[in-house]
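Full structure from sequences and hints, please.
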Amino acid sequence: MTTTEDKIRAQINNNPILLYMKGTPEAPECGYSAATVKAINKTGHEFTYVNVLAAPFIREKLPSISNWPTYPQLFVKGELVGGCDIVLEMVNDGSLDLLLDEASESAKIASGS
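When the letters of the sequence shown are read in order and numbered with our numbering, they come out as residues 370 to 482.
Read the hints as simulated data drawn from the structure, not as lab findings.
This structure is a prediction, so every number in the text was calculated from the model and none was measured.
C-beta: ideal position from N, C-alpha, C; glycine also.
One or more hints might be untrue.
For lysine-lysine, the following BS3-like pairs were computed, each having C-alpha atoms within a straight-line distance of at most 30 Å [to be verified]:
1) K376 x K391
2) K376 x K430
3) K407 x K430
4) K407 x K446
5) K376 x K411
Computed spacing ranges between beta-carbons, pair by pair [unchecked claim]:
6) G400 x E474: 29 to 35 Å
7) S475 x N436: 30 to 36 Å
8) D470 x A379: 23 to 29 Å
9) T439 x R378: 27 to 33 Å
10) K376 x A396: 34 to 40 Å
11) M370 x K407: 34 to 40 Å
12) M370 x N461: 23 to 29 Å
Structure follows, in structure tokens:
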């Protein structure tokens with residue numbers, strides 16, 4: 370039987386750019402999620418998302434796995450990048466684009482594309 374923790378770890382490990390957020394990219398349900406989606410979209414990279422409002426078990430369990438108490442949470446190549454404030458700082462200093470470029474390139478190599 371797969372536990373919630375197993376499911377979360379699989380999501381994190383199987384998606385090079387993964388955003389746990391409130392709502393969906395098309396209809397974010399909090400300002401922080403909206404700002405984070407906008408920042409990622411600016412880079413032009415595709416990403417996977419999990420709507421934690423529709424997945425209460427994930428919403429409850431993820432903070433104990435990531436040691437990050439709030440949403441959204443951005444994971445890149447299996448590592449927590451952070452929440453909205455960190456993502457916005459990274460947009461401003463250019464490091465988000467570089468990190469997502471690297472993650473996308475790694476995903477292409479892994480898939481043989």
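List in ascending order the numbers of the hints, as given earlier, that are violated by the structure. Going through the list in order, the structure violates hints 7, 9, 10, 12 and respects the others.
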